Amino acid sequence: MVQPEVEVVECDVLILGGGMAGCGAAYEAAYWAKSKNLRVVMVEKGAVERSGAVAMGLSAINCYMGMKWGENQPEDFVRYVRQDLMGLSREDLVYDIARHVDSTVHMFEDWGLPFFKTPEGRYKREGRWQVMIHGESYKPIVAEAAKKALGEGNIYERVFVSHLLTDSKDPGRISGAVGFSVREPKVYVFKAKAVIAAAGGATGVFRPHAVGEGLGRIWYAPWNTGSVYKLMIMAGAEMSQFEHRLVVTRFKDGYGPVGMWFLLFKAVLKNAYGELVEEKWADLLKEWLPYGAGKPIPTPLRNHQLIRDIMAGKGPHYLRTDEALQKMFSDVQHDPKKMREIESDAWEDFLDMTMSQALLWASENTDPAKTPSEVVLTEPYLMGSHASATGAWVSGPEDLAPSEYFWGYNRMTTVRGLFAAGDGVSGSAHKFSSGSYTEGRFAGKAAVAYVHDNPDTPNVDSGRIEDIKKELWRPFEVFEKAAGTSTKPDINPNYVFPKQALLRLQKIMDEYAAGQGAFFITNEPTLLRGMELMALFKQDLEKMAATDLHDLLRCWEVWDRFWCAQAHMQHLLYRQETRWPGYYYRGDYPKLDDQNWKCFVNSRYDPAKNEWTMSKKPYIQVIP
Amino acid sequence: MPTYVNPDKCDGCKALGQPACHYICPTDIMQLDKAIGKAFNSEPDLCWECYSCVKTCPQSAIAMRGYGDVVPLGASLTPLRGTDSILWTVKFRDGQIKRFKYPIRTTPWGSIEPYAGYPQANPAELKGQELCGQGKFLGVPNLPTVARA
Numbered sequence: 001m002v003q004p005e006v007e008v009v010e011c012d013v014l015i016l017g018g019g020m021a022g023c024g025a026a027y028e029a030a031y032w033a034k035s036k037n038l039r040v041v042m043v044e045k046g047a048v049e050r051s052g053a054v055a056m057g058l059s060a061i062n063c064y065m066g067m068k069w070g071e072n073q074p075e076d077f078v079r080y081v082r083q084d085l086m087g088l089s090r091e092d093l094v095y096d097i098a099r100h101v102d103s104t105v106h107m108f109e110d111w112g113l114p115f116f117k118t119p120e121g122r123y124k125r126e127g128r129w130q131v132m133i134h135g136e137s138y139k140p141i142v143a144e145a146a147k148k149a150l151g152e153g154n155i156y157e158r159v160f161v162s163h164l165l166t167d168s169k170d171p172g173r174i175s176g177a178v179g180f181s182v183r184e185p186k187v188y189v190f191k192a193k194a195v196i197a198a199a200g201g202a203t204g205v206f207r208p209h210a211v212g213e214g215l216g217r218i219w220y221a222p223w224n225t226g227s228v229y230k231l232m233i234m235a236g237a238e239m240s241q242f243e244h245r246l247v248v249t250r251f252k253d254g255y256g257p258v259g260m261w262f263l264l265f266k267a268v269l270k271n272a273y274g275e276l277v278e279e280k281w282a283d284l285l286k287e288w289l290p291y292g293a294g295k296p297i298p299t300p301l302r303n304h305q306l307i308r309d310i311m312a313g314k315g316p317h318y319l320r321t322d323e324a325l326q327k328m329f330s331d332v333q334h335d336p337k338k339m340r341e342i343e344s345d346a347w348e349d350f351l352d353m354t355m356s357q358a359l360l361w362a363s364e365n366t367d368p369a370k371t372p373s374e375v376v377l378t379e380p381y382l383m384g385s386h387a388s389a390t391g392a393w394v395s396g397p398e399d400l401a402p403s404e405y406f407w408g409y410n411r412m413t414t415v416r417g418l419f420a421a422g423d424g425v426s427g428s429a430h431k432f433s434s435g436s437y438t439e440g441r442f443a444g445k446a447a448v449a450y451v452h453d454n455p456d457t458p459n460v461d462s463g464r465i466e467d468i469k470k471e472l473w474r475p476f477e478v479f480e481k482a483a484g485t486s487t488k489p490d491i492n493p494n495y496v497f498p499k500q501a502l503l504r505l506q507k508i509m510d511e512y513a514a515g516q517g518a519f520f521i522t523n524e525p526t527l528l529r530g531m532e533l534m535a536l537f538k539q540d541l542e543k544m545a546a547t548d549l550h551d552l553l554r555c556w557e558v559w560d561r562f563w564c565a566q567a568h569m570q571h572l573l574y575r576q577e578t579r580w581p582g583y584y585y586r587g588d589y590p591k592l593d594d595q596n597w598k599c600f601v602n603s604r605y606d607p608a609k610n611e612w613t614m615s616k617k618p619y620i621q622v623i624p
Numbered sequence: 001m002p003t004y005v006n007p008d009k010c011d012g013c014k015a016l017g018q019p020a021c022h023y024i025c026p027t028d029i030m031q032l033d034k035a036i037g038k039a040f041n042s043e044p045d046l047c048w049e050c051y052s053c054v055k056t057c058p059q060s061a062i063a064m065r066g067y068g069d070v071v072p073l074g075a076s077l078t079p080l081r082g083t084d085s086i087l088w089t090v091k092f093r094d095g096q097i098k099r100f101k102y103p104i105r106t107t108p109w110g111s112i113e114p115y116a117g118y119p120q121a122n123p124a125e126l127k128g129q130e131l132c133g134q135g136k137f138l139g140v141p142n143l144p145t146v147a148r149a
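Top to bottom, those sequences are chains A and B.
Those letters in the first sequence? Residues 1 to 624, per this note's numbering, in order.
Those letters in the second sequence? Residues 1 to 149, per this note's numbering, in order.
One chain only, chain A, in its complex shape (with noise of 0.2 angstroms):
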């Protein structure tokens, strides 16, 4: 491979990722720029009309409160997230967003992303927080918009970055981002002034249940590698809650969305003998007070009584998709007309956003209105946008913000400078897509103000820039030194390919961190053997090797989801509790902890000396 040209960019305000949050960020930077004529650049290592977990479209808003028809408050949202992350959440950053989130809800419907509508013209609910959208084109619609709004020259696609610059002379400052072309052997270093991460969550750090090509078919992005904990965790940003996971029930195989079903259809899950889990399983949430007593049951909760009731030998388990439907179809009287609209509905569902889903039951031949579908739990990921709450610990809004959550700027981090949002910020769960933009629109503001009172240039050193680019380029070095080895690339004592040190790392994590195969079980033994073997690993990192540029975006790749994974152990050890039965177990500490145990649990790592230091974050409690 022949060495790399660079091209230097530089810019006011660097957004890394083009999914939801990005272009949250830069249509509220690109605005608040203007006024100060700042640069506001973008980069997304795909292409931002289908890029991050929105790119094939969803059936949902899964975060809007409905002010202007007085439907919720946004304190009664703060309440309900409390609830469901069993009493662990940042209030004041999900307060700022349920405040705001309606105006951006607003905003799509006027840019052209078609709601479903009742009769009186409000946006038809699914559930309390959650309303119905024929969102096939959500992303395309979004990416337009961010589009405009930035201006062609200064989004860069298929660009992947991999390290974040700090000031040489001021390392607690971001001073920009290298990364390189996915296409063309370019590296590209970005001068920024701010700099927001606002890429993914990170999803194939654990095995999944399906093996060969089903890989793939997993239920969040696989294309939402963690680049957004690497590059803030070796920034030396302060994170949090990373021992938190996201493990979701969903249809079996083909992981298509069950909230409708759940909601709106009104099915249930029963298991093979026709038990409601729900009921049968209903003392269980008396070992969880007092979040166990709460409405609606915490999602890892109820993945709890699942659980058991797997242990116990019941299965396969399913959604009553069937009962759902029928009951529908009676109370519409069996009137044709209504009963293919009900059905357009229920496969809409899951050709709007999950079409393997939809795919899976034509190939089994499953009418759902005949068949219920089993339902699985999914392998763990790590994201801040759902029913969980890993990422940054980032300051939170001026006006509200308590003084422990405030240092300046709205979703900046402890790096000056580098703000974050989405999947990428701590404690604000169940954002989901409309509140993940949103929150991308704070750090865009916070950025442009960042700018506006720190206008220096931040230092960029270039001896640090060659080791980057050394380092970037090392997989193809690696795999042309020992090529001659073998007669056949895959098997080389020298060196491993991306793909096979991924499926090395999905076993190990799903072995020793508390993976499905584990039955979400793990405990300090475990933890530390686990941690012997990713010592062995990292130094085998070392010898990924690359022969093409894709591949190369695939080495460093398994090195997001290998930070992520050092970060989520560190954490599931430290955390001496069970918070959150049915995302994971501490086999030697089984219970919730109330006492010792109702606060934050924060690192930050130290590249330079290879060491984690732990900490206890308070919660404090913003809404009565």
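Keep in mind the hints are simulated off the structure, nothing from the lab.
Take the hints with a grain of salt, since some may be wrong.
Cross-link-like lysine-lysine pairs, in silico, PhoX-like; alpha carbons within 20 angstroms at most [unchecked claim]: (1) B:K127 <-> A:K117; (2) B:K98 <-> A:K370; (3) A:K36 <-> B:K127; (4) A:K124 <-> B:K101; (5) B:K101 <-> A:K338; (6) A:K68 <-> A:K148; (7) A:K337 <-> B:K101.
Counterexamples of contact, computed for chain A against chain B with all Cβ distances above 12 angstroms [stated by the list, open to error]: (8) E471; (9) Y585; (10) C599.
Keep in mind that this is a model prediction, so the values were computed, not measured.
Where a beta carbon is used, it is the ideal one built from N, C-alpha and C, also for glycine.
Following the hints, put chain B in place on chain A, whose structure we already have.
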């Protein structure tokens, strides 16, 4: 379900700078096989089946085959995406066919004016809590807040 390319329909997007599927694939899987001048799925085990390439192909040359380790053969799911709606044809393994049409956009493509009707950005408001367009879009007269804890 990984995608596959029909060689009779694919022309490698000769008229474009790069194949449309290669341009759009979120995870850089759809590649051009230069030897035959046609596209192919280079990494089926990381294909999420997002259908971006299927929808974007100007020749409708790309289709989906269920994952080899999970999905029985014989069914198909085919989109026909227009400018304001999408039509899905679901063909079951047993031959049954269902067809569904859904809206995808209520405004013309390219018509977004990002800040239409907004006042000019005022730097004095940079530290405030309002986002741009709040007056137009929030739906309530004042941004809610609470006293600091």
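Exercise for review: For the pair supplied as a hint, A:K68 and A:K148, confirm whether the alpha-carbon distance does not exceed 20 angstroms.
Suggested key: Roughly 29 angstroms between the alpha carbons, so the hint for A:K68 and A:K148 is violated.
Practice item. Take the C-alpha atoms of A:K337 and B:K101, compute the straight-line distance between them, and say whether it is at most 20 angstroms. Key: Holds. A:K337 to B:K101 sits at ~15 angstroms (cutoff 20 angstroms).
Review point. Once the closest CB in chain B is found, is it more than 12 angstroms from A:Y585?
Key: Nearest chain B Cβ is 28 angstroms from A:Y585, so the label holds.
Point to revise | 20 angstroms Cα cutoff - pair A:K124, B:K101 | key: Within the cut-off at roughly 19 angstroms; holds.
Review point. Do the alpha carbons of A:K36 and B:K127 lie within 20 angstroms of each other, as the hint requires?
Key: OK: A:K36 and B:K127 at ~14 angstroms, within 20 angstroms.
Point to revise | chain B versus A:E471 - minimum CB to CB distance exceeding 12 angstroms, so not interface | key: 21 angstroms, holds
Point to revise | Assertion that A:C599 lies outside the chain B interface [Cβ separation over 12 angstroms] | key: 16 angstroms, holds
Practice item. Mind checking the alpha carbons of B:K98 and A:K370 for me, to see if they're no more than 20 angstroms apart? Key: 15 angstroms, holds
**Study point:** Pairwise hint evaluation, A:K338 against B:K101, where the allowed Cα distance is 20 angstroms at most
**Key:** 15 angstroms, holds
Check your understanding: Would the pair B:K127 and A:K117 pass a check requiring their Cα atoms to be no farther apart than 20 angstroms?
Key -> At roughly 36 angstroms apart (the allowed maximum being 20 angstroms), A:K117 and B:K127 break the hint.
The structure shown violates the earlier hints numbered 1, 6.
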